[in-house]
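Participant: Sequence:
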Amino acid sequence: MNLLLVEDDPSMRSTLERALSRRGARVESCADGARALELWRAQPPDVVVLDLSLPGLDGLQVLEQARRSGLATPVLILTARGTVGDRVIGLNSGADDYLPKPFDLDELEARLRALARRKPDAVPAGGGAPLVAGALRCDRDSGAIYFRDQVLELTPREAALLQALMARPGHAVSKERLFELVFPGESDVQYEAIEVVVYRLRKKLNHTGTSLMTLRGLGYLLKVA
263 MNLLLVEDDP SMRSTLERAL SRRGARVESC ADGARALELW RAQPPDVVVL DLSLPGLDGL
323 QVLEQARRSG LATPVLILTA RGTVGDRVIG LNSGADDYLP KPFDLDELEA RLRALARRKP
383 DAVPAGGGAP LVAGALRCDR DSGAIYFRDQ VLELTPREAA LLQALMARPG HAVSKERLFE
443 LVFPGESDVQ YEAIEVVVYR LRKKLNHTGT SLMTLRGLGY LLKVA
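Going by our numbering, the sequence shown wraps up at 487, each residue one higher than the last.
No lab work stands behind these hints: they were computed from the structure.
Check the hints yourself; a few may be wrong.
What the hints assert, rightly or not - Here are the simulated lysine to aspartate or glutamate pairs, DMTMM-like style, with alpha carbons at most 20 angstroms apart:
no., residue 1, residue 2
1, Lys466, Asp411
2, Lys363, Asp271
3, Lys363, Glu415
4, Lys466, Asp401
5, Lys437, Glu457
6, Lys363, Asp270
7, Lys485, Glu457
8, Lys465, Glu415
9, Lys437, Glu454
10, Lys363, Glu457
11, Lys466, Glu326
12, Lys465, Asp450
13, Lys437, Glu448
14, Lys485, Glu448
15, Lys465, Glu454
16, Lys363, Glu279
Taking the hints into account, I'd like the entire structure generated from these sequences.
Facilitator: Here is the structure:
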């Protein structure tokens, strides 16, 4: 598991680097938002651990800029801001998970591994030719999905769903399989949640010449007009 750790507290950053490295992760770290974006774009990791209180660009600004530029890497927000309002803002800005400080290291590791399991299935590692479905194109390195030359503004879950369908255009992918890819390791999520992601993604594909079809008893299919 390759991690990008963005934390401005030197003691916390050093402690997490050592602890996660001992558990088998490869950790690259930095202390400010601008450097985080540079590292993220240069070599997209499996998961980003992002503090909100950063010098210069704060964590939410980093996250918003990353999502706008098509970086779909799963993000876990790690911060002392523990209110429900802060959590909602973070998740609405494109984060995938949220863990307030102080936290248990075992829980952090479990959450990171759950997020990391999303990437290998949704965006095959190792580069290579992009996934293509009609006018849609998925960059395998960054996970960004383009309509012609414009990045589609998708949440990480919408991107994971679309990537799975683009890997098998014209073929049905079961609802169960898509749930595993979009909500990996999230046992507390209701099974019907996949339908909400499908609904939102379907609306965002309206202008692309592709459509997301429901096949009763089989799952979902990406159809190119």
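Participant: Each of the hints needs a verdict: does it hold here or not?
Facilitator: Consistency of the hints with the structure:
1. Lys466 - Asp411: 16 angstroms, holds
2. Lys363 - Asp271: Between Lys363 and Asp271 the Cα gap is close to 12 angstroms, so the pair holds against 20 angstroms.
3. Lys363 - Glu415: Cα-Cα ~30 angstroms, so violated.
4. Lys466 - Asp401: Answer holds: Lys466 to Asp401 is near 18 angstroms, not above 20 angstroms.
5. Lys437 - Glu457: 9 angstroms, holds
6. Lys363 - Asp270: 14 angstroms, holds
7. Lys485 - Glu457: Satisfied, since the Cα-Cα distance of roughly 18 angstroms is no more than 20 angstroms.
8. Lys465 - Glu415: 12 angstroms, holds
9. Lys437 - Glu454: 10 angstroms, holds
10. Lys363 - Glu457: 32 angstroms, violated
11. Lys466 - Glu326: 18 angstroms, holds
12. Lys465 - Asp450: Violated: Lys465 and Asp450 sit about 26 angstroms apart, past 20 angstroms.
13. Lys437 - Glu448: Holds, because 15 angstroms separates the two Cα atoms, which is no more than 20 angstroms.
14. Lys485 - Glu448: 29 angstroms, violated
15. Lys465 - Glu454: 18 angstroms, holds
16. Lys363 - Glu279: 16 angstroms, holds
The structure fails to meet hints 3, 10, 12 and 14 from the earlier list, while all remaining hints are met.
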